[in-house]
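K.L.:
I would like the entire structure built from these sequences, with the hints used as guidance.
This is what each chain is made of:
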Amino acid sequence: MKTFLLEIGTEELPAGIFPDILEQIEEKSKDLLDRYRVEYRDIEVLATPRRLTLFVYDLGENQKDEIKKIKGPPKNVSLDSNGNPTKALLGFVERQGCSLEDIKFESTPQGEYAFAYVKTGRKPVREILGELARELIGSLEFQRNMYWEDTKFLFSRPIRWLLSILDDEVIPFEIAGVRADRYTYGHRFLSQGSIEIKSVDEYKEALRSSYVMYDHKERRTYILQEIERKANEISARPILTEGLLNEVTFLVEFPFIILGEFSKEFLEIPREILITVMIHHQRYVPLEKDGSLYPGFIIVANMGDKAEENIKKGNERVISARFSDAQFFYKRDTAIPLKDRVKDLEKISLPGEKGTLKDKVENMRRVLNYLVDTLRLDDIKDDLNTALTLCETDRTTEMVKEFPELHGVMGGIYARPHEKENVWRAIYHHEDENPPLLEAKLLAIAERMYDIVSHFNEGYIPSGSQDPYGLRKSAYNLVSILGDSSIDVELGPIMDILNSRNKEEVWNFLSQRLYNYLLNRGVKRDLVEAALGLATTSVARITDTALILQELSKRDSFPLFITSAVRCYRITKDLKELFLCNPEYFETEDEKALYKFIEEFPKEEMSLLERYERLLPLVDILDRFFKNVFVMVEDEKLRNNRLALLRETYNLFSPFGDLTKVEERL
Amino acid sequence: MTFQEVILKLLNFWQEQNCIITQPYDMEVGAGTMSPDTFFRALGKERWNVAYVQPSRRPADGRFGENPNRLGKYYQLQVILKPAPSNVQDIYIESLKALGIDPLLHDIRFVEDNWESPTLGAWGLGWEVWLDGMEITQFTYFQQMGGLPVDLVSAEITYGLERIAMYVQEKDNVFDLLWNNDITYGDVRFQEEVEFSKYALLNGDNKTLRGFFDDCEREANRLLGLRLVLPAYDYTLKCSHIFNLLDAGGMLSYTERVSYIGRVRALARECARLYLEMKGESL
Chain A
0 MKTFLLEIGT
10 EELPAGIFPD
20 ILEQIEEKSK
30 DLLDRYRVEY
40 RDIEVLATPR
50 RLTLFVYDLG
60 ENQKDEIKKI
70 KGPPKNVSLD
80 SNGNPTKALL
90 GFVERQGCSL
100 EDIKFESTPQ
110 GEYAFAYVKT
120 GRKPVREILG
130 ELARELIGSL
140 EFQRNMYWED
150 TKFLFSRPIR
160 WLLSILDDEV
170 IPFEIAGVRA
180 DRYTYGHRFL
190 SQGSIEIKSV
200 DEYKEALRSS
210 YVMYDHKERR
220 TYILQEIERK
230 ANEISARPIL
240 TEGLLNEVTF
250 LVEFPFIILG
260 EFSKEFLEIP
270 REILITVMIH
280 HQRYVPLEKD
290 GSLYPGFIIV
300 ANMGDKAEEN
310 IKKGNERVIS
320 ARFSDAQFFY
330 KRDTAIPLKD
340 RVKDLEKISL
350 PGEKGTLKDK
360 VENMRRVLNY
370 LVDTLRLDDI
380 KDDLNTALTL
390 CETDRTTEMV
400 KEFPELHGVM
410 GGIYARPHEK
420 ENVWRAIYHH
430 EDENPPLLEA
440 KLLAIAERMY
450 DIVSHFNEGY
460 IPSGSQDPYG
470 LRKSAYNLVS
480 ILGDSSIDVE
490 LGPIMDILNS
500 RNKEEVWNFL
510 SQRLYNYLLN
520 RGVKRDLVEA
530 ALGLATTSVA
540 RITDTALILQ
550 ELSKRDSFPL
560 FITSAVRCYR
570 ITKDLKELFL
580 CNPEYFETED
590 EKALYKFIEE
600 FPKEEMSLLE
610 RYERLLPLVD
620 ILDRFFKNVF
630 VMVEDEKLRN
640 NRLALLRETY
650 NLFSPFGDLT
660 KVEERL
Chain B
0 MTFQEVILKL
10 LNFWQEQNCI
20 ITQPYDMEVG
30 AGTMSPDTFF
40 RALGKERWNV
50 AYVQPSRRPA
60 DGRFGENPNR
70 LGKYYQLQVI
80 LKPAPSNVQD
90 IYIESLKALG
100 IDPLLHDIRF
110 VEDNWESPTL
120 GAWGLGWEVW
130 LDGMEITQFT
140 YFQQMGGLPV
150 DLVSAEITYG
160 LERIAMYVQE
170 KDNVFDLLWN
180 NDITYGDVRF
190 QEEVEFSKYA
200 LLNGDNKTLR
210 GFFDDCEREA
220 NRLLGLRLVL
230 PAYDYTLKCS
240 HIFNLLDAGG
250 MLSYTERVSY
260 IGRVRALARE
270 CARLYLEMKG
280 ESL
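Taken in order, these protein sequences are the chains called A and B.
Under numbering that gives the first Met the number 0, the letters of the first sequence match residues 0 to 665, in that order.
Under numbering that gives the first Met the number 0, the letters of the second sequence match residues 0 to 282, in that order.
Hints were generated in silico from the structure; no laboratory data involved.
Some hints could be false.
[Claimed, not checked] In silico EDC-like pairs for lysine to aspartate or glutamate, Cα to Cα no more than 16 Å straight-line:
| no. | chain 1 | residue 1 | chain 2 | residue 2 |
| --- | --- | --- | --- | --- |
| 1 | B | K44 | A | D166 |
| 2 | A | K151 | B | D150 |
| 3 | B | K8 | B | D101 |
| 4 | A | K400 | B | D246 |
| 5 | A | K346 | A | D324 |
| 6 | A | K312 | B | D171 |
| 7 | A | K203 | A | D30 |
| 8 | A | K197 | A | D166 |
[To be verified] Covered by chain B, according to a simulated footprint, are these stretches of chain A (three or more residues, beta-carbon under 8 Å):
| no. | region |
| --- | --- |
| 9 | 13-27 |
| 10 | 300-314 |
| 11 | 323-335 |
[Unchecked claim] A few chain B residues that face chain A, going by a derived Cβ cut-off under 8 Å, partial list only:
| no. | residue |
| --- | --- |
| 12 | P67 |
| 13 | N68 |
| 14 | Y73 |
| 15 | P102 |
| 16 | L103 |
| 17 | F109 |
| 18 | E111 |
| 19 | E127 |
| 20 | D131 |
| 21 | G132 |
| 22 | V152 |
| 23 | D171 |
Backbone N, C-alpha and C define an ideal beta-carbon position, used for all residues, glycine too.
P.N.:
Laid out in structure tokens, this is it:
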């Protein structure tokens, strides 16, 4: 059994294409192998910033047989009276490139016909791997592509070499002016010149001895361990996110972990700023010791040993220059407190017809006042208004102009010495994905609603891949804040407050995010649709309903319950006029029993679980009703009366949403 | 190594790579890319290899000479290799060796950075090059210039000369750089930084600048009508610089800003289109 090895050698690929591109290579090569009918045991995908590598293990020698069945002439035309093949049949056999043994006669609705069973394209696998590799490389998708040579082939960065061998044999093909061969390259600096790979089993060892840690999983683990070991040496703890670890893994081929230091005086700058500079601008790992930031950082370098001293010194100078900038901004910013910056908000214009930041804040204030009134939050009303007044003022600070991703957090930091805790924390957290306190959640809700409605008003409605203002993310964030925290508030009136010109489109857009949100919370698709059928624009109510339906759907009684509701709905859905049910027209005990149930059903609010329990007896009552009562009788008066009775029954189910969407029925 | 030695060594290196060495363009530009030696030559099918220093003005970055790392004007060393040779990264690394930077003793990395100039209607993909964590070079494969897809892809290598000199001289303040052995960068440029910062950030005249912009735009369009593409482009550059001054002075609202950028881009596009048309090359 042979192994195929493909290495796409490139100039440095963007770290951001990983891990998506690895999944693409895996899926697309599996699809291609299936499509080309190639048998294999397993595949392996490996990557560094300069190479994408695919191993296909234990390939079949030849393509799998594929037998095609082709219809030929009718039997009476194919054979003469003696049962010998006619010219017609021989001609058919020749055209299909098969022999008479491959012909079978089978009956069809039109009579008996000749069928050829033809084995097709059983080529040796080595002959098709080149084409397969070309197709694979051509099918990879990147967010941004470039061309760099005459054929104008598009890829993430230029392809500079291709290694393509089946065991020890080169599988030739050409793409973007590069010919596949048996050569690879090691580390950009630590290894010199090309490396010949005589056979696939030499590849990994050759790369390892050329300073390439070719397996990204191994590299990641190694980096993580070394970071922890390095931090341990000084009894510190690394502040490491998944995103940062992934990024540094794809910024190096042969990692060296180096500890750098910075002057303690920078620690007077708030830690959020230091961390942002270290992570987002330099890809360093910040360190923490005894609960506070440690004046040092970890560099994941692509070189070490002899270079270590220079690398440490160089990076220390860079971070110190950046922190000096930040310190300078911080001092200037704190000289003017946020409350003195409020007047500057009207100098900052927003895109389109939205006016200035001051207008935005005043729009948000109307939303916030509505939230306070509806949710009866008078005790925090004043604090919320203070937080709102200040929440955009950090945009006038040097720090936020330099590091826009710190908007919100920076405002909170600058407000901290002057404001109550819930005020500064509301400002600090209102841009969070998941704000931890109610005040910040309310600010976030007001802001996201304002963003979405004001953009929709100006026609910036996301479609396809077009979403330049990131409204989908804002909307998802909005529904998850409302859904997670069960803040039960109708969004319709908020759209009115913000003068929405297209409420229905806004709600459809939000519903779509809510749909995804509920799926992510583990609710089944049909139950999500049912909950979305509720006549409400309260995300919390829809979420609670969906979660309860998900719980109820585990019960044995659930299919019966749904079937009952749907039967009531189906028969009454075409009812145009609303009739009142009149007990005087009842003819059967079953009508009376149903009516009695409805009359006695409690009118006050109750939980959905309680409602479910109380509605369960209906299953039997309705069952008997439908068995014994013919609803669609000739007599119009009787018919309408029975329909009215069923309509009222169905209304009892309406707090569960649109139950006709639920797939689970009897 | 002095500041001027850094420049001379790099120019010398690129001369040896068969680049022509031209002189800085004699107008206010924001980057080496805006010089006609790059903007026009990146279009069309002709080969072109060039290196030059370009003083680049960024009025909004001026800090009155107070900030050790920020300047309202600085020097770029710009290299265009068209078409981009397949070993262009290796050649670039050789140029660092010419500056005495041994790649085995440093951490040199190519980190994704995609370049875009909305005013020129231009973009490309590439990297910022890190030397021990410091960005010293911008490396770009042009894809579009003046709104037109390029025929032959150029590699653009832009060295930040002050950054590199600060690294090799181990200086923490740009004004302390040694220009030669007894004159500093501050001796040459400090007053300029102070005065141009005061002008651009505090004393620009809104009405005058807007008037200048309108006049230059009109003149560019008139020249385009006369098919005088290079003079028309000069006035496009003037528009771009005046826009930068308006922007630095905080005189533009967001909407106005977008509209001014659009006006400069429209001129740049028309220059690019006319240039190719006059060369008889298909668009």
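K.L.:
Against this structure, judge whether each hint is valid.
P.N.:
Now for the hints, and whether the structure bears them out:
no.	hint	in the structure
1	B:K44 / A:D166	42 Å, violated
2	A:K151 / B:D150	9 Å, holds
3	B:K8 / B:D101	15 Å, holds
4	A:K400 / B:D246	14 Å, holds
5	A:K346 / A:D324	25 Å, violated
6	A:K312 / B:D171	12 Å, holds
7	A:K203 / A:D30	26 Å, violated
8	A:K197 / A:D166	8 Å, holds
9	13-27	holds (count 3)
10	300-314	holds (count 10)
11	323-335	holds (count 3)
12	P67	7 Å, holds
13	N68	5 Å, holds
14	Y73	15 Å, violated
15	P102	5 Å, holds
16	L103	6 Å, holds
17	F109	4 Å, holds
18	E111	4 Å, holds
19	E127	11 Å, violated
20	D131	3 Å, holds
21	G132	4 Å, holds
22	V152	5 Å, holds
23	D171	7 Å, holds
Of the numbered hints given earlier, the model fails hints 1, 5, 7, 14, 19; all others are met.
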